[in-house]
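Just so you know, the sequences run in chain order U and B.
Be aware that the first sequence starts at 1, since it is given in the working numbering, and climbs by one per residue.
Be aware that the second sequence starts at 248, since it is given in the working numbering, and climbs by one per residue.
Keep in mind the hints are simulated off the structure, nothing from the lab.
Heads up, the beta-carbon is just placed ideally off N, CA and C, and yes, glycines get one too.
Be aware that one or more of the hints could be misleading.
Derived Cβ-Cβ restraints for the label pairs, each shown as a range [stated by the list, open to error]:
| # | chain 1 | residue 1 | chain 2 | residue 2 | range |
| --- | --- | --- | --- | --- | --- |
| 1 | B | I419 | U | S109 | 38 to 48 Å |
| 2 | U | T136 | B | E515 | 26 to 36 Å |
| 3 | U | S58 | B | I461 | 28 to 38 Å |
Here are some of the chain B residues that sit facing chain U, going by a computed Cβ distance under 10 Å [claimed, not checked]:
| # | residue |
| --- | --- |
| 4 | V256 |
| 5 | I338 |
| 6 | Q342 |
| 7 | E515 |
Residues per chain are reported as follows:
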Amino acid sequence: MIRIEGISKEFKEGIGSRKVKALEHLTLDIHKGEVFGFLGPNGAGKSTAIKILINLISPDTGHASIMGKDVLDKDTRRHVGYLPENPYFYDYLTAEELLWFGGKASGLSSNVIKEKTGELLNKVNLHSARKRQLRTYSKGMVQRAGLALALIHDPEVAILDEPMSGLDPIGRKMVGDIILELKSQGKTVFFSSHILTDIERFCDRVGIIVGGRLRLVDKLNNLLASGNTLEDVFLKEVEKAGGGIEI
Amino acid sequence: MTALWPIAVITFKEGIRNRAVYGISIFALLLLGANLLISGMIMQEVGKVAVDMALSTISFAGLLLVLFIGINLMAKDLDKKTIYMVLSRPISRFQYILGKFLGMTLLILVTLSVLSIFAGLSILMVKMSYPGYFPRFSWSMVALAISFTTLMLILLSALSFLFASFASTSFITLVLTIITYIIGQSISDVKALVEAPQIVGIQVSPLTVKVVQIAYYIFPNLSLFDIKTQAAHGLAVSPSYIFWVASYGFIYTCIAIILAAIIFRRREFP
Numbered sequence: 001m002i003r004i005e006g007i008s009k010e011f012k013e014g015i016g017s018r019k020v021k022a023l024e025h026l027t028l029d030i031h032k033g034e035v036f037g038f039l040g041p042n043g044a045g046k047s048t049a050i051k052i053l054i055n056l057i058s059p060d061t062g063h064a065s066i067m068g069k070d071v072l073d074k075d076t077r078r079h080v081g082y083l084p085e086n087p088y089f090y091d092y093l094t095a096e097e098l099l100w101f102g103g104k105a106s107g108l109s110s111n112v113i114k115e116k117t118g119e120l121l122n123k124v125n126l127h128s129a130r131k132r133q134l135r136t137y138s139k140g141m142v143q144r145a146g147l148a149l150a151l152i153h154d155p156e157v158a159i160l161d162e163p164m165s166g167l168d169p170i171g172r173k174m175v176g177d178i179i180l181e182l183k184s185q186g187k188t189v190f191f192s193s194h195i196l197t198d199i200e201r202f203c204d205r206v207g208i209i210v211g212g213r214l215r216l217v218d219k220l221n222n223l224l225a226s227g228n229t230l231e232d233v234f235l236k237e238v239e240k241a242g243g244g245i246e247i
Numbered sequence: 248m249t250a251l252w253p254i255a256v257i258t259f260k261e262g263i264r265n266r267a268v269y270g271i272s273i274f275a276l277l278l279l280g281a282n283l284l285i286s287g288m289i290m291q292e293v294g295k296v297a298v299d300m301a302l303s304t305i306s307f308a309g310l311l312l313v314l315f316i317g318i319n320l321m322a323k324d325l326d327k328k329t330i331y332m333v334l335s336r337p338i339s340r341f342q343y344i345l346g347k348f349l350g351m352t353l354l355i356l357v358t359l360s361v362l363s364i365f366a367g368l369s370i371l372m373v374k375m376s377y378p379g380y381f382p383r384f385s386w387s388m389v390a391l392a393i394s395f396t397t398l399m400l401i402l403l404s405a406l407s408f409l410f411a412s413f414a415s416t417s418f419i420t421l422v423l424t425i426i427t428y429i430i431g432q433s434i435s436d437v438k439a440l441v442e443a444p445q446i447v448g449i450q451v452s453p454l455t456v457k458v459v460q461i462a463y464y465i466f467p468n469l470s471l472f473d474i475k476t477q478a479a480h481g482l483a484v485s486p487s488y489i490f491w492v493a494s495y496g497f498i499y500t501c502i503a504i505i506l507a508a509i510i511f512r513r514r515e516f517p
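Just chain U, same shape as in the assembly:
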């Protein structure tokens, strides 16, 4: 469903300065219908990998595809819903207008957009605030509006970058329920998170990335089989990579 093959990416740290490796030969296959958790410390390369999948940045080497289509092809995104980390939307638009844009840009008819908007805004508990401009929303409300936007066109693949960030426990439960619902519908969910309990709750498989290199990919059951917690596994991988955890 999602295939990343040997992707590397370097960024310049300002003019004339040294290059920093954000991703190093990342290869990853995510299967249809699975919920995949992408785990890593800050600056590990999670968001870079996700942005390559959305074609916001291009890899130096390697290739990525979704549903068999190259991510460089804009039509690939017809089947992909994306929630960026700390999303920021247009201040003066309402949630309804935001979803209208998402639907129209994805080729939906006005009737379908209207129906899906009501349904999704109810689901993320923003229906009563649907006519309010987004600048009046709290961080959690913006995050939930972003999730509704990502799902307005009923995508086959949901790519969620830190979907729980900035949410209170109720909001986190709401997002969790949506992820489980997507899973029950046979959709593929690829999400990054710092919150290990969320990964444990929702994911079928987990990938741990440290310093731009994928250190481990396995089914969650296998990782926890020896009595370890996900935290133990994660910390061990970070330690093996020679990195520390920012506290």
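Model the placement of chain B on the given structure of chain U, informed by the hints.
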């Protein structure tokens, strides 16, 4: 078109609801209101002053609109990463630029149309108060002058898009757009001056002449669009001038937007 329209609509809505639009409009309306007072105080060339002031107000308000709202509409997308939500849709970079530009053009057209109605009213009221001062007045010249101003603002906006396509911050885009506006307004006069410095008794090095000549062909000649004086004096403008200036504005705008799209295609959004 399927992708362009939604981008244009949200760009227009985001622009028109910006409080700064109301600020600029109120400021323009105050100036247009002041037109009545100033015309009454001068009591000579009243017609010319009223038309010139009304047209200058529209031009200035339009410039503020492009500089402080238009630039933000695109540059803020990059600064605040709003662009993620747009480009994560099945939308190409070219469609993004074109859709944004269409939205901005719509914003300029709507705002200037509203201001033009008030400008027309202010001229009409002065004309009714002092009919003797409007012997050669022509509404069609006023309309033409506003149309040229609109075209100039659309061109300037296209250039701001070009700058935003490679600039790292909205401030750099703003500075480059202001510099282009200033050079564009004066380059024609400066070229005439450096090519015939003996008229004003100054000496100009050959290098300066060359630099100015190069700048003349790179920067848009925005003074071509300024026919406020002709409109104020009721002087006719030839149809060929209208055709060539309109074509110049249209072609320059298209080139700026195509260049912006080409640069934007290679841009990354980390």
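Hint check:
no. : hint                         : in the structure
1   : B:I419 to U:S109: 38 to 48 Å : 41 Å, holds
2   : U:T136 to B:E515: 26 to 36 Å : 32 Å, holds
3   : U:S58 to B:I461: 28 to 38 Å  : 34 Å, holds
4   : V256                         : 7 Å, holds
5   : I338                         : 6 Å, holds
6   : Q342                         : 8 Å, holds
7   : E515                         : 4 Å, holds
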